[in-house]
Every structure is written in C-alpha cells, then in structure tokens.
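> As a plain string of letters, each chain reads:
Number of protein chains: 2
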Amino acid sequence: MNKLDQQPVPGRRQLLAGSATALVAAGLGSFTQAARAQAASQAVAPAVKPLPAYVSWKDANALILHSSSTIETKRSAMGMGLITPAEQLYVRNNLPAPAPTILENRDAWTVSVEGVKSPRALSVAELKTLGVETVAMVLQCSGNGRGFFPSKPSGTPWKVGAAGCVVWTGVPVREVVELLGGLVSSPEFMTGTGGETLPEGLDPKSVMVERSLPVAAMADALLAWEMNGQPISLAHGGPLRLVVPGYQGVNQIKYIKRLAFGSVESDAKIMAHGYRISPPGSKADVSQPSVLEMGVKSWITNPLPERPGVAGRVQIQGLAFGGLRGIKRVEVSVDGGKSWSRARLVGPDLGKYAWRQFAFATTLPAGTHTLASRAIDTAGFIQPEQRLENVGGYNNNSWADHAVSVTLA
Amino acid sequence: MNKLDQQPVPGRRQLLAGSATALVAAGLGSFTQAARAQAASQAVAPAVKPLPAYVSWKDANALILHSSSTIETKRSAMGMGLITPAEQLYVRNNLPAPAPTILENRDAWTVSVEGVKSPRALSVAELKTLGVETVAMVLQCSGNGRGFFPSKPSGTPWKVGAAGCVVWTGVPVREVVELLGGLVSSPEFMTGTGGETLPEGLDPKSVMVERSLPVAAMADALLAWEMNGQPISLAHGGPLRLVVPGYQGVNQIKYIKRLAFGSVESDAKIMAHGYRISPPGSKADVSQPSVLEMGVKSWITNPLPERPGVAGRVQIQGLAFGGLRGIKRVEVSVDGGKSWSRARLVGPDLGKYAWRQFAFATTLPAGTHTLASRAIDTAGFIQPEQRLENVGGYNNNSWADHAVSVTLA
Chain A
0 MNKLDQQPVP GRRQLLAGSA TALVAAGLGS FTQAARAQAA SQAVAPAVKP LPAYVSWKDA
60 NALILHSSST IETKRSAMGM GLITPAEQLY VRNNLPAPAP TILENRDAWT VSVEGVKSPR
120 ALSVAELKTL GVETVAMVLQ CSGNGRGFFP SKPSGTPWKV GAAGCVVWTG VPVREVVELL
180 GGLVSSPEFM TGTGGETLPE GLDPKSVMVE RSLPVAAMAD ALLAWEMNGQ PISLAHGGPL
240 RLVVPGYQGV NQIKYIKRLA FGSVESDAKI MAHGYRISPP GSKADVSQPS VLEMGVKSWI
300 TNPLPERPGV AGRVQIQGLA FGGLRGIKRV EVSVDGGKSW SRARLVGPDL GKYAWRQFAF
360 ATTLPAGTHT LASRAIDTAG FIQPEQRLEN VGGYNNNSWA DHAVSVTLA
Chain B
0 MNKLDQQPVP GRRQLLAGSA TALVAAGLGS FTQAARAQAA SQAVAPAVKP LPAYVSWKDA
60 NALILHSSST IETKRSAMGM GLITPAEQLY VRNNLPAPAP TILENRDAWT VSVEGVKSPR
120 ALSVAELKTL GVETVAMVLQ CSGNGRGFFP SKPSGTPWKV GAAGCVVWTG VPVREVVELL
180 GGLVSSPEFM TGTGGETLPE GLDPKSVMVE RSLPVAAMAD ALLAWEMNGQ PISLAHGGPL
240 RLVVPGYQGV NQIKYIKRLA FGSVESDAKI MAHGYRISPP GSKADVSQPS VLEMGVKSWI
300 TNPLPERPGV AGRVQIQGLA FGGLRGIKRV EVSVDGGKSW SRARLVGPDL GKYAWRQFAF
360 ATTLPAGTHT LASRAIDTAG FIQPEQRLEN VGGYNNNSWA DHAVSVTLA
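Chains as they are written, first to last, in numbering that gives the first Met the number 0: chain A, 0 to 408; chain B, 0 to 408.
Check before you lean on any hint, since a few could be wrong.
Identical copies go unnamed one by one, so any copy, or any two together, can satisfy a pair.
To be verified - Capping the alpha-carbon separation at 25 Å, the derived lysine to any residue pairs in SDA-like fashion look like this:
1) Lys256 <-> Val183
2) Lys256 <-> Ser117
3) Lys327 <-> Gly350
4) Lys256 <-> Gly308
5) Lys327 <-> Asp348
6) Lys116 <-> Arg312
7) Lys73 <-> Asn104
8) Lys73 <-> Ser55
9) Lys151 <-> Ala218
10) Lys256 <-> Gln314
11) Lys256 <-> Arg312
12) Lys151 <-> Lys282
13) Lys151 <-> Leu197
14) Lys116 <-> Ala360
15) Lys73 <-> Thr128
16) Lys151 <-> Pro198
17) Lys268 <-> Gly294
18) Lys48 <-> Arg306
These are calculated hints, taken from the structure and not from any lab test.
So here's chain A without its partners, still in its complex pose (with noise of 0.2 Å):
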C-alpha cells in the first residue's frame, strides 16, 4: 500500500480544477483514482490537510481543519450558497464522534422524553410515524467570529466559515409532548443530553454535552434524522439530532439520548460554565447570560482578498440572517462604514431561521475597498459594529469586524 493510499479522497474541486491539467498533458485517457490523487497532490499547492476519517466524505478544499473535532468552511467557498452542501459544512464537535455503528440501524436508536404526562424512550422508527416537518436554518457556532478578537480568546478561532444553512427533517418536538400527553407542570427548561460515549476515569457531568434552553424553543424544535435530504452523518449528530431553529449550535444536541422537561437548569459543566458571556477579566459563572439565541449578522462573500476581481461594474454579495427572527433588509458599505446602501435580497425565502442571500452592484475604481454589510431585522434589531467583548469570545455579530478589504485591479 503506498502512501496515497491512506490519504482522503481529494475533493471535488480539486479534482476538476487542479489535476486536469496534468492529467491532459500525460495524455492519460482515462482516470483512475491513484493517478487522480496523485495529480491532485502535485497540482495543488499548499497541499491540502488530510481530513479525519469520520468526515473524509467532505470536501477538504472548501474547508479549514483546526483540528480533527473543528472544521471551518472557507469564506470563499461560501458563493451564493442557499443550502451548504454536507460536503461543505463546518463541524464542531464537543466530544469525539461515537463509533460509527450507532448508524447501522438508525431506526433503533431511542430518546427518553421526560417532563411530560405519559414519559418513555421513543426509537426512531417510531417517531418517523408521529409527525414529520422540515425546517431551514442556520447552524452556527457560537464561537463563529471568535478569531476576530483582539483578546485571542481561547477556543477555535473561527472567522465566517463556522456557520451553514441547512435543512432538517423530523418530528416537531411539541407532537412528540402532545402525544405523551402533554407537559407536567409548567416548566421552565428543556434539556437535551447528548449520548456521545463520555472518557472514563472523569465525573459525567465535566463533559457530558447537555443543554437547557427556555421551554418556548420547544415551538420550532425538531427531533431531527435528515440533514439535506439525506440520514444525518455522523458528524452532524445522526442517527438523531435536536434541532432547535434560532439557536446557537452547541444547542442543537447531536445523538440525542434525552429530552426533558423540567424547572431546573441542567448542572452539566457545558451548560453551568461553559458558553457563557463572561465580561472581559471574569470568570465563566452559571449567573452570566447563556449562548442561547443568535444576533442579527451577515457577511460578504463576494468580492474577497482572494478573489477581488478588476475595477468597474461589481456585485458586492453576501449571506444574511437574523437569529429568531428573519430578515428585513441588509445594507452595504464600500467606504468602511461611512455611508450604506441597500442591497437587494435575492433568491428563495426559506423562512425567518433560514439566510437570506443579498447582491448590491456598484461601479467602483482600482484600488483598495473596505466592503461592509449590515442586517436589519424584522423586528428592527440592527447588526451592531462592535462586538460585545467577553471572554469565550461568543457571539460575534459585529458588522466592523466582518468587513473584508479588496484591491481592485
């Protein structure tokens, strides 16, 4: 076996655009997949990082790997992207993936509903039976922008690449609650526990991945087992995941094992400590705000430093959204802020939780551009300059730090 044999597969991309060339010019008629990989690694250059294998059905050239668990989607492989292909879409995992063989039979997996009339354990194949609803959303990180701190947080330093909108298929959560007879009491809080094997020889509780939100997310949550048309991936939380609209992504607990209702706040590490907006010189503690709902945001994606293309007629585009609630306008700047104008919203509306893709043409001259764009929501909520400095570096919707600067030539 040599050494390519052990490399992921290079993407697609890769494959069209970069080893072509070579492969023509060797006069080779047809492809094989040694000699596609061998081109792809001469062709491309800086070689590309291997991808872990749990993700290495992904698209390496569209992505960032911080690490094996923390996985960016590159800015300007974002395009008019009104759904991120799986191929492209970032991962963030809290723990390791589980093995593999928790999706050999996804419909056996079971969640235990708690907090309501009639508790039990459901499997998959049984909610598949109870209600089905589909939903496009943004999944983001809520460290996404994280690299934008001057403070160098600890923590992935994230720039736009850790968010994506994608579409989910499940059961609403609140037919799953009807059905069970409805909820006890009136309570505050639903939970969701991860079922990721937790690393022996530590207390559960410092690294389980479980969350409390307020009980209305339960209006728009699913209990989720498609991504994109297709079974949740592993790394994405299959064989089931809950899928609450408007919420940061450490809130969307994959391989969900749990989901209770209830009046007490979970006391697992990640929820009492962790993704907290700890003030500048604190520390995390369970009376500061949570990471629970998205901020207003956008970004540009067209043109960027990497692709800033020549003076004279422009489209200036972007991706825009709003958290809970949708999209109003979106307003662009190419003088760093100093004045704005309005930009056209374009393509399919996809619902309030889904972005929004924005274009503004405009004629400019040569040379260098600060760009900058800015949402407005459909409450009124505008996307602020500056971020709200704290600690984990969360949060980041600051329209002055997703500015991009672009020599036209």
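Keeping the supplied structure of chain A fixed, place chain B upon it in accordance with the hints.
Structure of chain B alone, referenced to chain A:
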C-alpha cells in the same frame, strides 16, 4: 496497484452504514482509505457498479447506473429532499461531457449573444458583474417515467429518478439582453447551443445540442455558473449553463456557447426530430409538439416497497411540482385511486419552479396497499391518471404509473 485503486470511492452511506461493522469487527482503530473501500465492497451486496470518472464524486449508492451518460437517482434516496445534493442528482448527457480542461479557467468561458442590438461574446467573468439571481427549480429529463410505458420506448427506462430540485445562481438572461441594447425586432424563439465537442465525420446538425424555446421563456431564464452554491460541475454543464425554469431538462443547455434570439426554430436534429410528442405508430417530425414545459406531477417517496414499515400510524410522504406553475395542493390515495385525501404541504416553499414536499398521516392495517399521489397546480391543472402515449416515452406524469404497492407487516 490493486483493483480497488481503480474503483471509484465508495459513497458516504456505504461507508457509514456498510463498512462500519466490518471495520469494528476487525478491530481496526482507524480507517484507511483502502481498508474502507475493501470493507465497503465486501459488506454491500449487490456490488455497486463503479461510476464513470466524470461523476466519480457522486454517491454511487444513491444512484442507478443505466449507462455512462444516463444515471438515475434511486427513489429510496430522495427522502424529504428539499434540495437534491449534487452527489445524488441524476445525469443525462446527450453527448459525452467536454474535457475537464474547460473548467480550468471558468471565468474565461464565453457565450455569444445574438439577435440583440449589440451582439457580442461575453465571458463568465463579465456576466458575473452584470447581475445575479438565484432560483430553485426542478430539473427533470423529459424521459423521466419512460420506464412505466408498457410500449417500452427506446431510450433510458427512467422511473422517477431522472429529476431533482436544485438551486442555480447566475445572471438573468433578460438583464443580459437589456445591457446589449434589447432584442432586435420581435423574435419568436430563444435558441441555446451547447459547447460539447462534436464527433468528427458527422453532420454537426445531426448531433449538436441546440434547442429553441418560445421567447417568453426568457423571463425567468438564467445564464448560471453555480448549482447548489458551488461552481457547476462538468457533469451538470459547468462552467456556464442556460437554465430555463419550468422546462424539461433537454432545454437546459450545458456548456452554453451561443444564445440567439430569432424567428426560426433550430434545425438541429435534436430540435427538429428529437424530443417530439409523436403519436403511437408515427415517425417524429417537426409538426408534432416539442418537449417543452413540464406537466404537473408528484410521486410518493415514503413508504416504498423496499422500505415498507409496519402497520399502524404511517406518514405517507412525497414530492410534487407544477412545471411553470406552483403547487396548490396534493391529494393522496391509499386505495389505488378510488378515494383521495388532502395531504399537507410541508417545509419551505422555494418558489413556483421548485418542488414541494407533502405528507399525509394515516393508519393502515397489515397487508398490501396501493398508495398514489395526485398534484394540482395553482392554475387548477390536475395530474392525470393516464400517461399520454407517445413513441419517445416523454412527459409521463400519470399518477397511476407512479403509484406504489406497499406491504405492511
């Protein structure tokens, strides 16, 4: 080089669902590519046919390989797929795809626009500065459903899977026409010509891909460079494709090199004799209706004979679309069409050219049931019970043909 090196990469689902057991059983701690491929090829029966090189990046497990240029999506792979991932989308090429070298510099590809006041060639780079729009639409081969014709027309016997719903981004044709000074006179037709390399020694008109459409089709047509947010792959017509929402696939010209407005329909064979609705026993000729707009159509994707489920509560699910018009409602029958119930439209509405998901919850006893669906578009057109018989096996939207017989345990 062993034999596995020459085979395409196993699809994601194959890896996750098929090889995991074998690997875990073998006690392997990490996945190497060769091991994965080997495990997958051992674990999956029957063996999946290798895909041709130009589509080797597709998900072989989701596809039926009719020939190297005709590849169908399995009905069972469709799920509640709002948007069909590129990896699962059917392929139908009238000519072999051009050399992948045409994707080396996508922005340099040019299309000549004729029949406008200032006719000229425009590069993709220029087109990208002119305007940008995104449309979600059903892409369907006009022969989709041919496999249900008892007359066994020549051509690929597609069942339901020569169709998908995809998102295109490009510049509206009407904006290009405007920028070139508008149309000359009042042309009847918009004619697109594909940029395939034609086989030598044949009359070009006998093989070229060139189709004329009523000029009204221009209204929502795009010259598109992205599909599903990514640069269009070679298999699907990259770097530039003419996209005409609501029309059958043959009219969506790949590698478009010429877009002409005029009063004469193309005399290429594919237009003059091919893709005509020829009555049984007749020969195709130019007096017969051409394959243009798609008819209103739907089919069930769950349950299916290969995934029947059990007696009791069942969620009957499927997909419906209306060609040039949106879907008003969908009805489902569990008794082979004797009685009908209104299904619920599910998930986001991506616009009139996209398909809608539908679901109908019911209770079914053990035994065999004939499940059918029937879509009604916003103008009131009803999906017919019977296909219109024709020599080529085109435009089959019969609900009876698309019914499934499912045996519940």
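> A separate judgement is required for each hint: does it hold in the structure or not?
Right, here's what the structure says about each hint:
In the homo-oligomer, the alpha carbons of Lys256 and Val183 lie at most 25 Å apart inside one protomer (20 Å), although the nearest pairing across protomers, at 65 Å, exceeds that limit. Taking the shortest alpha-carbon separations for Lys256 and Ser117, only the intra-copy value of 17 Å comes in at or below 25 Å, while the best inter-copy value is 64 Å. Both within a single protomer and between protomers do Lys327 and Gly350 lie at most 25 Å apart by alpha-carbon distance, with minima of 12 Å and 19 Å respectively. For a Cα distance limit of 25 Å, the shortest separation of Lys256 from Gly308 across copies, 23 Å, qualifies, whereas the shortest one inside one copy, 49 Å, does not.
In this assembly of identical chains, the alpha carbons of Lys327 and Asp348 lie at most 25 Å apart whether taken from the same copy (11 Å) or from different copies (18 Å). In this homomeric assembly, Lys116 and Arg312 come within 25 Å of each other (Cα to Cα) only across copies, at 21 Å, whereas the closest approach inside a single copy is 62 Å. In this homomeric assembly, Lys73 and Asn104 come within 25 Å of each other (Cα to Cα) only across copies, at 20 Å, whereas the closest approach inside a single copy is 34 Å. Within a single copy, Lys73 and Ser55 get their C-alpha atoms as close as 17 Å, and across copies as close as 24 Å, so both meet the 25 Å cut-off.
For the identical chains of this complex, Lys151 and Ala218 are neighbours neither inside a copy (36 Å) nor across copies (50 Å), given an alpha-carbon limit of 25 Å. For a Cα distance limit of 25 Å, the shortest separation of Lys256 from Gln314 across copies, 23 Å, qualifies, whereas the shortest one inside one copy, 46 Å, does not. For the homomeric pair Lys256 and Arg312, the shortest alpha-carbon distance between copies (23 Å) is at most 25 Å, but the shortest distance inside one copy (53 Å) is not. For a Cα distance limit of 25 Å, the shortest separation of Lys151 from Lys282 inside one copy, 16 Å, qualifies, whereas the shortest one across copies, 73 Å, does not.
Taking the closest pair of Cα atoms, Lys151 and Leu197 never come within 25 Å of each other, the shortest separation being 29 Å inside a single copy and 57 Å across copies. Taking identical chains as interchangeable, the C-alpha atoms of Lys116 and Ala360 lie at most 25 Å apart only when they sit on different chains, with a minimum of 23 Å there against 56 Å within one chain. Proximity of Lys73 to Thr128 under the C-alpha cut-off of 25 Å is restricted to the inter-copy arrangement: shortest distance 22 Å between copies versus 38 Å within a copy. For the homomeric pair Lys151 and Pro198, neither the shortest alpha-carbon distance inside one copy (29 Å) nor that between copies (60 Å) is at most 25 Å.
Taking identical chains as interchangeable, the C-alpha atoms of Lys268 and Gly294 lie at most 25 Å apart only when both belong to the same chain, with a minimum of 24 Å there against 56 Å between chains. In this assembly of identical chains, Lys48 and Arg306 lie within 25 Å of each other by CA distance solely inside one copy; the values are 22 Å within and 39 Å between copies.
Violation of the numbered hints given earlier is confined to hints 9, 13 and 16; the remaining hints are satisfied by the structure.
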